[in-house]
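Chains B and C: place on chain A using the hints.
Protein sequences, first through last, are from chains A, B and C.
Per our numbering, the very first residue in the first sequence carries number 1; after that it's consecutive.
Per our numbering, the very first residue in the second sequence carries number 1; after that it's consecutive.
Per our numbering, the very first residue in the third sequence carries number 1; after that it's consecutive.
No wet-lab data here; the hints were simulated from the structure.
Just to be clear, a hint being listed does not mean it is correct.
As the list claims (entries may be wrong) - No farther apart than 25 Å at their CA atoms in a straight line, the calculated lysine to any residue pairs in the SDA-like style are these:
#  : chain 1 : residue 1 : chain 2 : residue 2
1  : C       : K290      : B       : I112
2  : A       : K165      : B       : L7
3  : A       : K331      : A       : R342
4  : B       : K32       : B       : L92
5  : A       : K218      : A       : D310
6  : B       : K128      : C       : K368
7  : B       : K32       : A       : S329
8  : C       : K157      : C       : I192
9  : A       : K12       : A       : T235
10 : C       : K148      : C       : K290
11 : B       : K84       : A       : L102
12 : B       : K84       : B       : I184
13 : B       : K128      : C       : T263
14 : A       : K218      : B       : G271
15 : A       : K186      : C       : K368
16 : C       : K148      : A       : L102
17 : B       : K32       : A       : L168
18 : A       : K187      : A       : F24
19 : C       : K148      : A       : T163
20 : A       : K165      : C       : F359
21 : A       : K10       : A       : K167
22 : A       : K333      : B       : P85
23 : A       : K167      : C       : K368
24 : B       : K287      : B       : V272
25 : A       : K186      : A       : L168
26 : A       : K333      : B       : T163
27 : C       : K362      : C       : Q315
28 : B       : K128      : C       : N260
29 : B       : K280      : A       : K186
30 : B       : K287      : A       : A162
31 : A       : K165      : C       : K162
32 : A       : K165      : C       : C194
33 : B       : K84       : A       : F200
34 : C       : K368      : C       : Q315
35 : A       : K186      : A       : M239
36 : A       : K240      : B       : K128
37 : B       : K287      : B       : R164
38 : B       : K128      : B       : L7
39 : B       : K280      : A       : K331
40 : A       : K212      : A       : K186
Remember, predicted model here, so these are calculated numbers, not experimental data.
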Amino acid sequence: MKKTLLNKDKGKDFLTYAVVIVAFVIMQFLSSQGKLSSAVTGYLVPVCCYIVLAISLNLLVGVCGELSLGHAGFMGIGAFSGVVLATLLKNTVDNATLRLILAMVFGGTLAGLIGFLIGIPVLRLRGDYLAIVTLAFGEIMKNIIGNMYVGTDESGFRFAIATAKPKLVGKGKWILSGAMGVTGIKKLSTFAVGFGLILFTLFVVLNLINSKEGRAIKAVRDNRIAAESVGINVTTFRMKAFVVSAFLAGMAGALYGLNYSSLDAAKFNFNTSINILVFVVLGGMGNILGSVISATVLYILPEAMRGLADYRMIIYAVVLILVMLFTWSPKVKEYTSVVADRMKHLFKKEKEAAAK
Amino acid sequence: MNILQYLINGISIGSVYAIIALGYTMVYGIAKMLNFAHGDVIMVGAYICYCVTVYLGLPVLAGVLLSMVVCTVLGITIEGLAYKPLRGTPSLAVLITAIGVSYFLQNAAQLIWSSNPKSFTSIVSNMKPLHLFGSLTITGEVIVTVAVSVVIMIGLTWFTSSTRIGKSMRAVSEDRDAAQLMGINVNRTISITFAIGSALAAVAGVLMCSSIPVLMPTTGSMPGIRAFTAAVFGGIGSIPGAMLGGILLGIIETFAKAYLSTQFSDAIVFGVLIIILLVKPAGLLGKQVQEKV
Amino acid sequence: MKKLLALVLTLAMVTAMFAVGASAEAGTMKIGMSGPLTGGAAVYGTAVARAAQIAVDEVNALGGLQFELNCQDDEHDAEKAVSAYNTLKDWGMQMMCGTVTTKPCLAVGPEANEDRIFMVTPSASASDVAYTGDNVFQICFIDPAQGKISAEVIAEKSLGSKIGIIYDSSDVYSTGILDSFTEEAETLGLEIVCTEAFTSDTKADLTTQVTKCKESGADLVFLPIYYTEASQILTTASKIGYAPLFFGVDGMDGILDVENFDTSLAEGLHMLTPFAADAKDERTAAFVAKYKELYNEVPNQFAADAYDVIWAMYQAATAAGLTGAESNEDICAAMIEQFTSMTYDGITGMGMTWDEDGFVSKAGNVVKIQDGAYVSVE
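Just chain A, same shape as in the assembly (with noise of 0.2 Å):
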């Protein structure tokens, strides 16, 4: 028993590999032989990010069943970080790859250091008071940040959080420019480094879940006394998957960052953690490939719909909501069963009368 259960999850770990390889393999032949529009080419590297995003955020909501209101404010954290390291090693490193991953590596690092400070008091928190904070959280960062100045003059790197623009000592040129956020950035980001990031992540995160503190945490999630009755650590556990997705924002915002020319605080806001949610819930709680599917589809559906014009926004809610009741509802599921239970009925009446 115990060893098919083993063997199911690899199955499904393999499937999720295999879709993800698969889909990159597709796109990058249709990339070289000219066949994608220029909006499918810009989408590619905003879906590997999502998609990141919504993995990282599935660890903490799926597997763990903590809900985050608050994921748009490490991928802000990770964003601005990385984008600012760029620009200062310009000239330093040469190689944009290499500028790239370090970039995300810097954003990802600082993204999980700051979750591992915030964790340190908030995972005190259940449920709805953890939601709130977390979304707290991601207002103060995006708050923080619009009031921030990174940059570098004659006295060299200059730092200041500060409610009006600080002057600068000579020639100098600020790269975080508070609410005007930051601009002329040199894009980095390519398709293949998001496509090793969702690789990444997928390795990191479906390694978590299937190891033994994976189950640990399956379990705290669905009965936390129990768990802790046979002396699992809950807190110990809830931190790494915290500090883990927090990571893996950062890393998937200096990506996203460094796809765009210009940055701003805003974009990191509650909607965008709402955005993300929405992709985890509707691709299935702690269903790796459902994320990877529902972060797709739903990033490509509203642009899909941009011949529907002022209708557009008001379709794709509804879209929203009747996905949500055909995935979720118990009754369409009882009804869907009964249906497949009849065509099942009737494939086998069928057989039967054609084998006699």
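Chains B and C alone, transformed into the frame defined by chain A:
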């Protein structure tokens, strides 16, 4: 003297948060779901009142009553179509449908009323502001909003503790399965909760737009989130908690802006919120429920 | 059911993927427009889309070079704006009217520069916008210029001795003007007694900011913000009995047409605006009448800017003898040449010229509101 003026300003915005938070907290307490579309029902309420008073030229009272009726119908419809089919599923699933409903209402409002802002006429525009001790100003809106929120809070407390439906609401909130076994119609009770919550949203919309006169399709969303914060702050599910949370949030926000920094007020408000939740993890007046195995 | 839905979605995606645009016929130029058509900033994008359509219809009615317009929603978001831009590119866009707001424009500008698509923004006014490429032009005043002119006018006419400021710290437009205003005010020796901020999240309650200005004794309040929030500030100020001189910039235009707004509150309000919907000249009057007839609303300054973008493009394209059959690169080069050398008379200013960076030079006009109408301040 300044401090008193800021206190009044804080209570003013706080009581708006409080009314919205009352709707949030009631629905949460009974249906156990975060109704993120609540803020947008408020916006619809304000638009209805605006249309009735400005386009049809009817008196304010008619506007308020009609918008309550429309919002109640809207609330019941939303609940029946989008939330009811998901009863019994994890609360996150309903949360996402609520977000879908919120998008829907905002975009529908934009199609119906256009994205151009409208200036909402205060429902107490003919009430002269009160001037005390020379420099202190209390506007009619403040008095009306505070009074209405107190009345609603007392009314709701009485309703849930003394009436039959109110008692069944409390029963459903305590233990849904047990309530069902005791012969309480859970679905009907939840629908009634939504009806009341939405009617309150209409009142909240009218009062909010009286204090903050700009009406747009996105008007409800940010105050909605603030009010949700307030409800958690006070202890979500608790009616006096929502009131207290709303008023305190308003005061903290105003004082942070007045004495610390308008640029960093968000960070300060949410920082205070985090600290309070760390000290009192279930909010100010929330019950700390011990989970059973 | 789930599978069916998934199938439908996949099909939709595949169609979108291969919908590569067709090339334009000769004599027709494809103009793309991108701006917020949904969400909190929808009012600005919608105005631009509508006015651009009016101008395109007028151009086409002339019978010469034909324009085809395609408007895409960018939700006031850099990421969506790049998607919108790519969609337009696939459609075959040859010139761009946009983007409407600054943030998306900073992301789209470099893309357009790389693809050599000529771009004129009606209203993205940060100075950085024009610097994103030689192909990016602005029809609106840049923010630093607005801040500077405002400070100069205030000093010159001694409109106020103690200045208070309320601005949107989450908005690029607002902070851009604020920075240059404070700098210029310092040089001119103006006294700024308080600088208060709000953000797009906290704009619900502006009472405290107004009260702080009152407490600090400011007799002039500078508002580098859009008219939506300004109408809120004016209402709040009147409620608490505070009546300083309010001074706004081009985002203030439109305040008199906020539905149901008590315009008597705006009495005495000064603002820097290149456009007045009640101007008497024939073109403005015709445009305003047409807009009102079609959409039942008075056009704001965004609409007027968009109208000018299309007409300026038409003037340049006909002068260069473009037919729409040229490559984007040729169109871009020809348009840059025309724009940097021509003079254009529009409804937001007469005798507009552009420099090589793409900045417009047109007369700044300070007006004040008197009896519910704009009156020029001499």
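Consistency of the hints with the structure:
For the hint linking C/K290 to B/I112, the alpha-carbon distance of about 21 Å falls within 25 Å, and the restraint holds. Taking the CA atoms of A/K165 and B/L7, the gap is about 31 Å. The hint is violated against a cut of 25 Å. As the CA atoms of A/K331 and A/R342 are separated by approximately 17 Å, the hinted pair is consistent with the 25 Å bound. This hinted pair checks out: B/K32 and B/L92 have alpha carbons roughly 10 Å apart, not beyond 25 Å.
In summary, the hint linking A/K218 to A/D310 is not supported, as the alpha carbons are separated by about 44 Å, beyond the 25 Å threshold. Note on B/K128 and C/K368: the hinted pairing is violated, with a Cα-Cα distance of about 28 Å set against a maximum of 25 Å. With a C-alpha separation of about 17 Å, the suggested pair B/K32 and A/S329 falls inside the 25 Å cut-off, and the hint holds. For a cut-off of 25 Å, the pair hint linking C/K157 to C/I192 stands: about 16 Å separates their Cα positions.
Distance restraint check for A/K12 and A/T235: the Cα-Cα separation of roughly 28 Å exceeds the 25 Å cut-off, and the hinted pair is therefore not satisfied. Among the hinted pairs, C/K148 with C/K290 is inconsistent with the structure: their alpha-carbon atoms are about 35 Å apart, more than 25 Å. With a CA separation close to 49 Å, the supplied pair B/K84 and A/L102 exceeds the 25 Å bound. Between the alpha carbons of B/K84 and B/I184 the distance comes to roughly 17 Å, so the proposed pair stays at or under 25 Å and holds.
Distance check on the hinted pair: B/K128 and C/T263 sit about 19 Å apart at the alpha-carbon level, within 25 Å; holds. As the CA atoms of A/K218 and B/G271 are separated by approximately 31 Å, the hinted pair breaks the 25 Å bound. The suggested pairing of A/K186 with C/K368 is violated, with an alpha-carbon distance near 44 Å, which exceeds 25 Å. Pair hint C/K148 plus A/L102 does not hold up; C-alpha atoms about 41 Å apart against a cutoff of 25 Å.
Of the supplied pair hints, the one linking B/K32 and A/L168 is violated, its CA atoms being roughly 53 Å apart against a limit of 25 Å. Between A/K187 and A/F24 the CA atoms are separated by roughly 21 Å; this keeps the pair inside 25 Å, and the hint holds. Straight-line distance between C-alpha atoms of C/K148 and A/T163 comes to about 20 Å, which keeps the hinted pair within the 25 Å bound. Distance hint between A/K165 and C/F359 is fulfilled; the C-alpha atoms sit about 24 Å from each other, no more than 25 Å.
About 58 Å separates the Cα atoms of A/K10 and A/K167, which puts this hinted pair outside 25 Å; it is violated. The hinted pair formed by A/K333 and B/P85 meets the criterion: a straight-line CA distance of about 11 Å does not exceed 25 Å. Our distance criterion of 25 Å between C-alpha atoms is broken by A/K167 and C/K368, whose separation comes to about 34 Å. Of the pairs offered as hints, the one joining B/K287 and B/V272 holds, with about 20 Å between alpha carbons and a cut-off of 25 Å not exceeded.
With a C-alpha separation of about 23 Å, the suggested pairing of A/K186 with A/L168 holds against the 25 Å cut-off. For the suggested pair A/K333 and B/T163, the alpha carbons sit about 37 Å apart, so the restraint of at most 25 Å is broken. At roughly 17 Å between alpha-carbon atoms, C/K362 and C/Q315 fall within 25 Å of each other, so this suggested pair holds. Proximity of B/K128 to C/N260 is assessed by CA-CA distance (about 20 Å); at most 25 Å being required, the pair is judged to hold.
Annotation: proposed proximity of B/K280 to A/K186 is violated, straight-line Cα distance about 46 Å (limit 25 Å). Restraint check for B/K287 and A/A162: the C-alpha separation of about 40 Å exceeds 25 Å, so the hint is violated. Under the criterion of a C-alpha separation no larger than 25 Å, the hint pairing A/K165 with C/K162 is consistent with the structure, at around 21 Å. Using a Cα cut-off of 25 Å, the hinted pair A/K165 and C/C194 holds, with the two alpha carbons roughly 15 Å apart.
For a cut-off of 25 Å, the pair hint linking B/K84 to A/F200 is broken: about 40 Å separates their Cα positions. The suggested pairing of C/K368 with C/Q315 is violated, with an alpha-carbon distance near 32 Å, which exceeds 25 Å. The straight-line distance between the Cα atoms of A/K186 and A/M239 is roughly 35 Å, outside the 25 Å bound, and the hint therefore fails. The straight-line distance between the Cα atoms of A/K240 and B/K128 is roughly 59 Å, outside the 25 Å bound, and the hint therefore fails.
Our distance criterion of 25 Å between C-alpha atoms is met by B/K287 and B/R164, whose separation comes to about 23 Å. Between B/K128 and B/L7 the CA atoms are separated by roughly 20 Å; this keeps the pair inside 25 Å, and the hint holds. Pair hint B/K280 plus A/K331 does not hold up; C-alpha atoms about 40 Å apart against a cutoff of 25 Å. With a C-alpha separation of about 43 Å, the suggested pairing of A/K212 with A/K186 is violated against the 25 Å cut-off.
In summary, the numbered hints that this structure violates are 2, 5, 6, 9, 10, 11, 14, 15, 16, 17, 21, 23, 26, 29, 30, 33, 34, 35, 36, 39 and 40.
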